[in-house]
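Trainee: So the protein sequences, as listed, match chains A and B.
Under numbering that gives the first Met the number 0, the first sequence has 12 at position 13, and the numbering climbs by one with no breaks.
Under numbering that gives the first Met the number 0, the second sequence has 114 at position 115, and the numbering climbs by one with no breaks.
No wet-lab data here; the hints were simulated from the structure.
Keep in mind it's a predicted model, so treat the numbers as computed, not measured.
Among the clues, some could well be false.
Unchecked claim - Under the rule of at most 30 Å between Cα atoms (straight-line distance), these lysine-lysine pairs were calculated in the DSSO-like manner: (1) Lys104(A) to Lys52(B); (2) Lys48(B) to Lys157(A); (3) Lys52(B) to Lys157(A); (4) Lys48(B) to Lys104(A); (5) Lys210(B) to Lys163(B); (6) Lys230(B) to Lys185(B); (7) Lys82(B) to Lys104(B); (8) Lys163(B) to Lys104(A); (9) Lys157(A) to Lys44(B); (10) Lys165(B) to Lys187(B); (11) Lys157(A) to Lys51(B); (12) Lys54(A) to Lys185(B); (13) Lys187(B) to Lys230(B).
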Amino acid sequence: MFRRFDPDSDISTSTSVKASVQRGIKSSLMDSHPDIEEEELDYLLPKKLPLIQYKVGPHLMLYCRPPSELSAVRDNEPVMFQSRDGPILPSLRFVHQYPTLKFNKVTVDQGAIPFILGGANIMCPGLTNPGGEMPPDNEDGTPALEKGDGVVIYAEGKEHALAVGVMTMSSSDIRSKNKGTGIEVSHFMGDGLFQTVDIS
Amino acid sequence: MATIERVEVLYCGSCGCPPEYCEYSPDFETHCVPWLQNNEPEVYKNLMKRLKKGDAEDEADDKPEKPTEPWTMEERLTKFYEKYQPDKVDSVPSLLEKYAGKEDKLFVALTKKYGPEPEDPYYASDDSDLEGDMEEMNLGDKKKRRGAAAKKENKADTRVIITKTKRNKKKAVTNVVGMETVPGIKLKDVSKALSKRFAGSSSVKDLPNGKKEIIVQGDHMDDVAALIVDKFNVPGNCVFLDIDGDFVPFSD
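Generate the whole structure from the sequences, applying the supplied hints.
Mentor: Dropping the structure here:
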């Protein structure tokens, strides 16, 4: 999605996000990532400093936070993005900065790393092989991660996340089928968005 | 209100990734390593330690005992007969005497008669080493391909030939052959650009030999060459003009 992203040419309009929209972002983040506390989000995305929304192409929204004491960069720092009606996903730099924030998380085995860094989607075996990891299914049998959920992707033996993506199968399907694309990678380390530290 | 500690993450000055991912960068040895050494010696030490450990484990995995020398002629022949004709093993020394100096012929004849030779573990292990190298090379390719900016590079076999053919006495068409050898270019786009530039028809056609040619109506050999060089960044010495049967490079 961001492989060829270039903030100078690909971004069209910027608007301050309305308070209601920002509330919507917060609540949808909390819905999809149940381990994130409301207070944490309130702190990271304060009401006083509304996010700034950039349009990237026709269907992609990039949310940036304005410069403040919270952020280390001088200009608007990309923190979230959303494609069409998909899940709101955090940017990798944002994930790196707040390692205590508990997004949905999966781990891939080491063999997958070079491919992901090239922008490949995540195939099921990368998640089910030894070294790969997904949250265990809920007690009532429903999968921990549904199709369409946003996840942050970590790698075996590495500290930092290397990609974020959207599940194209539920986690139980991934375990049982174990074939094909399991996660569609939207943003990975080294892509255009990752190289964009701030947008002026 | 809860506050969350913001962590300053160290990113490699060369590849932009956290150093733990530097090893996957195409310029790991040439750029990341020097940068880390100069700026973050502590991190570099840890990283190297981890990498070495990984390597050592890898090597420990795939080292079955290897024979230090290849088979001698006698061993080779013995193994051969053991595989196909065990009762003839005794005659090996006499056979060798008979074929002294012409062992190659002997083995050719034998493989013709019985089948392929048993493999010498010495060479076999060599092969696997080779494969290992190949794998590394392939991996290298993969590494180089990552990232948005990485594009395929094979300039060596880029060769664009521009010719002119007569049509209807007074008219001419310009044919461009070999545009598909230019990496990262779509023939349709080239054709479009040409038709725009010369305000005439331009089309892509498959040649019987599997190549593709672009046909531009009109006599535009030099202009086509100039446009290809300027707009599509094809090196001038890869573009050839067919002038009375001679292929002349457009520019050096």
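Trainee: Are the hints correct? Go through all of them and say.
Mentor: Against the structure, the hints come out as follows:
As the CA atoms of Lys104(A) and Lys52(B) are separated by approximately 27 Å, the hinted pair is consistent with the 30 Å bound. Proximity of Lys48(B) to Lys157(A) is assessed by CA-CA distance (about 15 Å); at most 30 Å being required, the pair is judged to hold. With a C-alpha separation of about 15 Å, the suggested pair Lys52(B) and Lys157(A) falls inside the 30 Å cut-off, and the hint holds. A distance of roughly 28 Å separates the Cα atoms of Lys48(B) and Lys104(A); the hinted pair therefore holds under the 30 Å criterion.
Annotation: proposed proximity of Lys210(B) to Lys163(B) holds, straight-line Cα distance about 17 Å (limit 30 Å). The suggested pairing of Lys230(B) with Lys185(B) holds, with an alpha-carbon distance near 13 Å, which does not exceed 30 Å. Restraint check: the Cα-Cα separation between Lys82(B) and Lys104(B) comes to about 19 Å, which is no more than 30 Å; the hinted pair holds. Between Lys163(B) and Lys104(A), the direct Cα distance comes to roughly 62 Å. Violation of the 30 Å bound is thereby established for this hinted pair.
Distance hint between Lys157(A) and Lys44(B) is fulfilled; the C-alpha atoms sit about 16 Å from each other, no more than 30 Å. Among the hinted pairs, Lys165(B) with Lys187(B) is consistent with the structure: their alpha-carbon atoms are about 24 Å apart, no more than 30 Å. For the given pair, Lys157(A) sits about 16 Å from Lys51(B) by alpha-carbon distance, which is consistent with the 30 Å threshold. Simply put, Lys54(A) and Lys185(B) have alpha-carbon atoms about 29 Å apart, close enough for the 30 Å limit, and the pair holds.
Of the supplied pair hints, the one linking Lys187(B) and Lys230(B) holds, its CA atoms being roughly 14 Å apart against a limit of 30 Å.
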